[in-house]
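Chain A is fixed; fit chain B onto it per the hints.
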Amino acid sequence: MFDTSLDLVQIRNDFPILHRKVNGQPLVYLDNAATSQTPLPVIDAISNYYKHTNANIHRGVHALSQEATDQYEAARQKIQQHFNAKHAHEIILTSGTTHAINLVANGFASLLKQGDELIVSALEHHANIVPWQMLCQRTGATLKVIPMTDAGILDMDAFDQLVNAHTKVVFVNHVSNALGVINPIEQIIEKAHAVGAAVLIDGAQATPHLIPDVQALNADFYTTSAHKICGPTGIGMLYGKEEWLRKLPPYQGGGEMIDQVTFEKTTYADLPHKFEAGTPNIAGGVGFGAAIDYMNGIGFETIAAHENDLLQHATEKLNKIEGLRIYGDVQNKVAVISFNVDGLHPYDIGTLLDKMGIAVRTGHHCCQPIMDFYQIPGTVRASFAFYNTHEEVERFITGVEKAVSMLR
Amino acid sequence: MNIAAQQAEIVSEFAMFDDWMQRYEYMIELGKSLPLIASEYKTDDHIIKGCQSKVWVHADLDNNKIAFTADSDAIITKGIIAILIRVFSNQHPKDILAADTAFIDEIGLKEHLSPTRANGLVSMIKQLKMYAIAYQTQLTS
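Chains as they are written, first to last, in this note's numbering: chain A, 6 to 413; chain B, 5 to 145.
All clues stand as given, with none of them false.
Reference excerpt, derived from the structure (chain A facing chain B, CB under 8 Å, subset only):
1. N28
2. H350
3. Y352
4. D353
5. T356
6. L357
7. K360
8. G368
9. P382
10. M411
11. L412
Derived pair list, reagent style DSS-like, types lysine-lysine, alpha-carbon separation capped at 25 Å:
12. K58/B / K133/B
13. K130/B / K98/B
14. K118/A / K149/A
15. K252/A / K196/A
16. K36/B / K69/B
17. K69/B / K98/B
18. K407/A / K58/B
19. K407/A / K36/B
20. K133/B / K46/B
21. K407/A / K114/B
22. K252/A / K270/A
23. K114/B / K26/A
What the hints contain is simulated information worked out from the structure, not anything from laboratory work. On a predicted model such as this, the values are computed, not experimentally measured, just so you know. Glycine residues also receive a C-beta, built at the ideal position from the N, C-alpha and C atoms.
Isolated chain B, as found in the complex:
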């Protein structure tokens, strides 16, 4: 599934719920399915700066596609990063770089996060794209 299709699927999943408590419940579920980062990468250089809770992300290039793994000490944060990883994992770096993230506004996620968590979300997206830039450079050099 390409990035746009993944995004559309997530938007429709979130639209099924009536209220934000249910959406949070779903995010908690998604957090449990997060592809976990290997423990040797759970180090300070894998922490995303700008998040109030700790978030570690690692990226591997496999068959010209990036596989992200991550973890967090907060469960809702795990859910948020799980959503992003579902969208961006197993995609080509150039597709990740070209992708917009309007789906987050469509879900209404940002406005339902506290300002600190909304900033953390922006930092997460930035970090995933940084990995894409790094691998894209590697592929084209």
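Next up, chain A with everything else stripped away, as it sits in the complex:
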């Protein structure tokens, strides 16, 4: 029934952390949407970088600096190829998705004026709301919201009403982090482009499960964080179409991002360095590249098939628990289940699961507007990765049943 082509024993051996105990129980890690675990090849890549190569990159005259530069730029190319960007210089390495979104939002300050409109979706993470609200305060632009339905799907008819000639930027996530629902970004991008608006897609929750082709999507900007796809924390990427990246002014000033500096005038470096001020997270970049290699070594089709099996298994069993409601229980979603049980607080369920060694996330998942929509304080969110097993799904279900019976 649950046969996939994944060799889970071997894969799990790549993740030392999956073999530890928590509260005396073998760990069941189901908080992958918050951060994924790191496999040995990625840990080794980072460790080897520090053991053998560590140097500051670009413009160094010595061998180590050249090797470090080569490794960092090789990672950029891997990222370019993985997301099918046209050019490597369209990949800006950032500290993560939040940094990437702030970089773009900040850049638009010089391009917007009073009366311009921005469109956000109701399903966003705070990181894709707050930078744009700050931009509105600075420019006098206004923020419009694509509403969601009770099922957790964006209301595209309402979107059609919102898009008009004043629309300048539309920003939505590819996959909702709180619910796991895959949004119709192809339609959104097409409709936004029809009125000349730019589109930023926050892909942090999509990239662990699928490969976005940024050219096929025709997204103007696409962001993600390495730690969501088995890479290290503190590194991520902003893909931007060259024409847009040229229009936006630099975000931060400093070393690396300059061409010529005099006290009278500074000219900026070309892409991508224009947006990469200061010494970057070199080891992180190397780890990001290794993570992409690792994921591709397993194969995203295999990953998606196994995760979907886990999702179906867990959804079917959870739905048998009386009073349990799954938010965003739709067909088109990734392996994330956000739920509540009638009369019970998500924190209570999460706390008891933790005592059983099962890691889930509880709370508003940095999406307070979604929680307000459902009028709930938060949800319990279980998010699965390719290294999770059906035995772990069973332990999770048993854990939820036990927690519910204790709390009722």
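Below, chain B without anything else, positioned relative to chain A:
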């Protein structure tokens, strides 16, 4: 029973259990015995700030002693506040102010709470002591 005796009793009760699942089960039981706050006090000004789940606390002075009532939307949180109220309710404000809360460390409660809940526990104790300060001022003025 004075505060120290109440604390000692709770410490010994928690010591009877072998593991933290059982202790949590007991906390859930204690939560059910919480003296509930009257609904008219379940307002935003009775919410304790710094808790992830909602916690409302009210205090009345009766015979120079404080009677606490409370509620929460989370059951384990109800258990935690029930433990604190058992220790501090029906005590004189000055005794509440003088009391230490080392018993919480003896139970091991803090280290078994998530960081957010541990912060909430600190906020709860602060709030109970704030009520004690207010009534102590009232009594001495």
